[in-house]
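Engineer: Sequence:
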Amino acid sequence: MPAEGVHDPDADLAPVPAVESGADARATTPVAGAPTLELRGVHVIHKTRTGGLFKPGTVHAVNDVDFQVSRGETVGIVGESGCGKSTLARVLVGLQQPTRGDVLFRGRPLGYDANSRRELGRAVSVVFQDPATALNPRMIVREQLIDPLKVHGIGTEDEREDRVERLLGLVGLPLSALDVLPRQISGGQRQRVAIARALALEPDIIVADEPTSALDVSVRAQVLNLLTDLKDELNLGMVFISHDISTVRHVSDRMAVMFAGQIVETGPADELFANPSHSYTRTLLSAVPSLL
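If you count the sequence shown from 1, you need to add 1 to reach this note's numbering.
No lab work stands behind these hints: they were computed from the structure.
Please read all numbers here as calculations on a predicted model, not as lab measurements.
Treat each hint with caution, since some may be false.
Stated by the list, open to error - Quick list of simulated restraints, FRET-style, between CB atoms: (1) ARG184 / ASP103: 41 to 51 Å; (2) GLY268 / LEU182: 41 to 51 Å; (3) PRO110 / GLU81: 27 to 37 Å; (4) ASP233 / ASP163: 22 to 32 Å; (5) GLY34 / ASP65: 17 to 27 Å; (6) SER177 / ARG50: 43 to 53 Å; (7) LYS56 / GLU272: 37 to 47 Å; (8) HIS44 / ASP217: 29 to 39 Å; (9) SER214 / LEU96: 31 to 41 Å; (10) SER214 / VAL60: 19 to 29 Å; (11) GLU81 / ARG50: 22 to 32 Å; (12) GLU158 / HIS44: 19 to 29 Å; (13) ASP217 / PRO138: 35 to 45 Å.
All residues carry an ideal CB built from backbone N, CA and C; glycine is no exception.
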């Protein structure tokens, strides 16, 4: 079994060269100066089994949220379990259509037809909490990385092979990891594979939903540093979601604090950490220091 890879800061972190397919070129013309993703007054309301027959109960998972993220910045979202941050992540990646409000992609209203979803899926990638469930247990790493390239019709067979080898180098894994199943490598290595897959389509934004919470404490800092290095070197935008305000501060340029479906405070990470204005933010800070 390969040893847990440690990211080499001297490794080649140059962007993987684009191998475009004419049928899948990015179609949306960005509005000048617009953020890559923007939410305006977004609500997500779920029906529940409570309430009466003709008036079912509801839960306001996301309540009147404004949010934006652009390339080159990391925006952290922090809050306790059930506050709505993972639902917000699903809205950002197009998996959840808002009940009300607007989602803008490159300054234009996001469509939910197949072509729009395909374009968004190429520009916005996600890294899930548990790599063991995010990866197909029956596919070797090589197939996991090649699959999104095939789906989007990118490159020839040789070009795809070259790209996946470069992706593995970006996340600090040896080429021998290409031919193993997820169960044959450690949790930290699996999350590196998941990050490599998220980078396969050269996205503008990565949404990382609790990406280290399922990992051993000993490798969490390595994965956090890897994400930060990749964001800086590839000029990615990143939305980093966690329940741990200390971890969010460590990786973020800006922070948004969520409570009961609402963003109750937002601002530069260091400033918000030093001078919180909302009582819930102060409650979160009372739990630090924290192990990454």
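Engineer: If a hint holds in the structure, say so; if it doesn't, say that too.
Structural biologist: Here is what the structure says about each hint:
1. Checked against the given bound of 41 to 51 Å, the beta carbons of ARG184 and ASP103, roughly 42 Å apart, stay inside it.
2. About 44 Å separates the C-beta atoms of GLY268 and LEU182, a value consistent with the hinted range of 41 to 51 Å.
3. One distance hint, 27 to 37 Å for the beta-carbon pair PRO110 and GLU81, holds here, with the actual separation near 32 Å.
4. Judged by the Cβ atoms, the range 22 to 32 Å given for ASP233 and ASP163 holds: they are separated by roughly 24 Å.
5. Between GLY34 and ASP65 the Cβ separation comes to about 24 Å, which falls inside the hinted range of 17 to 27 Å.
6. For the pair SER177 and ARG50, the supplied restraint of 43 to 53 Å holds, since their beta-carbon distance comes to about 50 Å.
7. At about 44 Å, the beta-carbon gap between LYS56 and GLU272 stays in the expected band of 37 to 47 Å.
8. Distance hint for HIS44 and ASP217: a CB-CB separation of about 38 Å, consistent with the stated range 29 to 39 Å.
9. A C-beta distance of roughly 20 Å is found between SER214 and LEU96, which places it outside the suggested range of 31 to 41 Å.
10. At roughly 23 Å, the beta-carbon separation of SER214 and VAL60 lies within the given 19 to 29 Å, and the hint holds.
11. About 23 Å separates the C-beta atoms of GLU81 and ARG50, a value consistent with the hinted range of 22 to 32 Å.
12. Restraint check, GLU158 to HIS44: a C-beta distance of roughly 46 Å breaks the suggested window 19 to 29 Å.
13. Between ASP217 and PRO138 the beta carbons are some 20 Å apart, a value that contradicts the proposed interval 35 to 45 Å.
Violated hints, in rising order: 9, 12 and 13; the structure is consistent with all others.
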